[in-house]
Amino acid sequence: MTRVLTEERLDTKRNFFEGNETLKKLLKEKLDDALYEFAGGELPELGRAAANEIDERARHTDREGAPSLEKYDRFGNDQSKVWVNEGYAETVRQVYGSGIVGYVHEPIPPLGRKGNYLYSFAQGFLVSHAEAGFYCPVTLTMATAYLLDHYADDSVKSRFLPHVCSTGDLPLYEGATFLTERQGGSDVGANVVKAVLENGEYRLYGEKYFASNAGMAGVVMVLARMEGAPSGSKGLTLFAVPWRENGELNGVKIRRLKDKLGVRAVPSGEVEFDGAKAYVVGDPARGINYMLEALNLSRICNAVASIGIMRRALLESKDYAEKREAFGAPLTQYPMVKDSLGKMAATLHAETVSVFELIALYDKVTDGSASREEGLLVRLLIALLKKETAENAIHFSHEAIEMHGGNGYIEDFVTPRLLRDAQVLTVWEGTANILALELIRLLKNGIDDIFVKWVEAQLEAIQASSWHTELEKQAGRILKELRQFKQMPTDLQTFEAKHMMKEMTKLTECLLTAGFAVRHGERERMLCDVFCEEVWGVREFGGEMRTVDGFGELMSGV
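Going by my numbering, the residue at position 155 of the sequence shown is 155; the numbering climbs one at a time, nothing skipped.
Source of the hints: derived by calculation from the structure; they are not laboratory data.
Treat the numbers as computed from the prediction; the structure is a model and nothing was measured.
By construction, the Cβ of each residue, glycine as well, lies at the ideal position given by its N, Cα and C atoms.
There are no misleading hints in this set.
The calculated lysine-lysine pairs, modelled on PhoX-like cross-linking and capped at a C-alpha distance of 20 Å, are:
#1 LYS480 <-> LYS444
#2 LYS253 <-> LYS277
#3 LYS157 <-> LYS114
#4 LYS194 <-> LYS234
#5 LYS480 <-> LYS506
Cβ pair distances, simulated, as ranges:
#6 GLY189 <-> GLY521: 46 to 54 Å
#7 VAL548 <-> HIS398: 20 to 28 Å
#8 LEU361 <-> GLN484: 21 to 29 Å
#9 VAL196 <-> LEU361: 35 to 43 Å
#10 VAL196 <-> ARG113: 40 to 48 Å
#11 GLN484 <-> ALA89: 51 to 59 Å
#12 SER158 <-> GLY375: 26 to 34 Å
#13 VAL452 <-> VAL538: 18 to 26 Å
#14 GLU90 <-> GLN463: 48 to 56 Å
#15 ARG74 <-> GLY40: 49 to 57 Å
#16 VAL538 <-> ALA457: 18 to 26 Å
Assemble the whole structure, with the sequences as input and the hints as a guide.
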């Protein structure tokens, strides 16, 4: 790693936090004074590290230093050990040491109290600019901490949670959530891993077919079926499974690591349980409910990783376009290039605002201060924004490659890795089809009425916006479609569900972006104009070129 980290690409002036005006304004708006001041002291350093050494380690891991399975020791014993390179291990120490997981559950030393998810996700956003693959294990560790903190009994919690939340004071136990089995995939109710009671202890038997962070996690959250439990998802119990017990492998084996298209930093493998000692977490009959809560947390992480990739793609595109000359002028002098970059900036701004508005509401849900309606609204927004941001991460990566021309397809540049890493985000934590089914499930809980009331409140808050009339019109159309959608037979609902989600997402993001613009300045209003104009296709052909005339202002806070 020494060779890689001393190359000229390191530039201490590069910083993924300092120029990000949208994020800064969101933090100022959403964090209390003490936590905002703390974040203002910490995030610039994480932004600098992500733009420099973390990014260089990510490049090395992707190109030359991917995790590998050391299946057997020299005596032929199965050790199922995963090797990671030195740089990756340093990133583990650096990022977890920043409190990205720990400060959600444990007091921040200078403040004497806990942080929240909004601060943690701001950290994750910065890290994902450089290493979306590494943010996957962080996500799994966050989900593990959530489950232990909320549902484990005192003995299980005290044994594992301090290590999962470690910032360097204790040995770190990274986490993992193992759901996928080869016969089930997204159909978790088809899972067959068994939990057998032996001498008063539960032991697990079976396999998990796509287990991310395999071999790196100190404790794994696993769904398994007790003997005599009913079939289907309701018969699944949640267990905490330590990877090692008394210094030895705890009845777990890694069959192989997956050879993936992207996110090569995270070891994903096929894991076998052969009598692994396991500890029940929470009510044995509610395992699937607990894991679905953790899944929603992971979906927010997925959206945060997506906007991280989006911003990195935009930064790389902007930097290249400013330096590259064609036909005697920099690319940024051409209207088509300005238009592409301006629209990317507006979309990134809108989705960053929307995701962090969601996170602020999610903090209310997790601290117990949210209403039932807010809890259901969070589930809806998670499904809408996870789908949209993941798809846009791919789109932005494609745009960045095109902006670079042939260079964008060459591994010397970051753009191929961005595209490879972005592609998995539409799959992890639920594909578009799975997320569309969430909308149908939520209708049974009255999400249509809840969404209508939320839209009305957002429209009330943006009366000063020049987009109020247009958004009110679009809201009337979309809410009418939503009522029709609720009355459709099941087959037709599943056919129309993704269209319905897309329309609801467009309305949601435009309302939140317009609200943010009302509360802030001219740049935010301009970004809102460009985004809404593009979303609704209301620009007159041959009319005003907002992205060209306002290019400098649009790009000033990227």
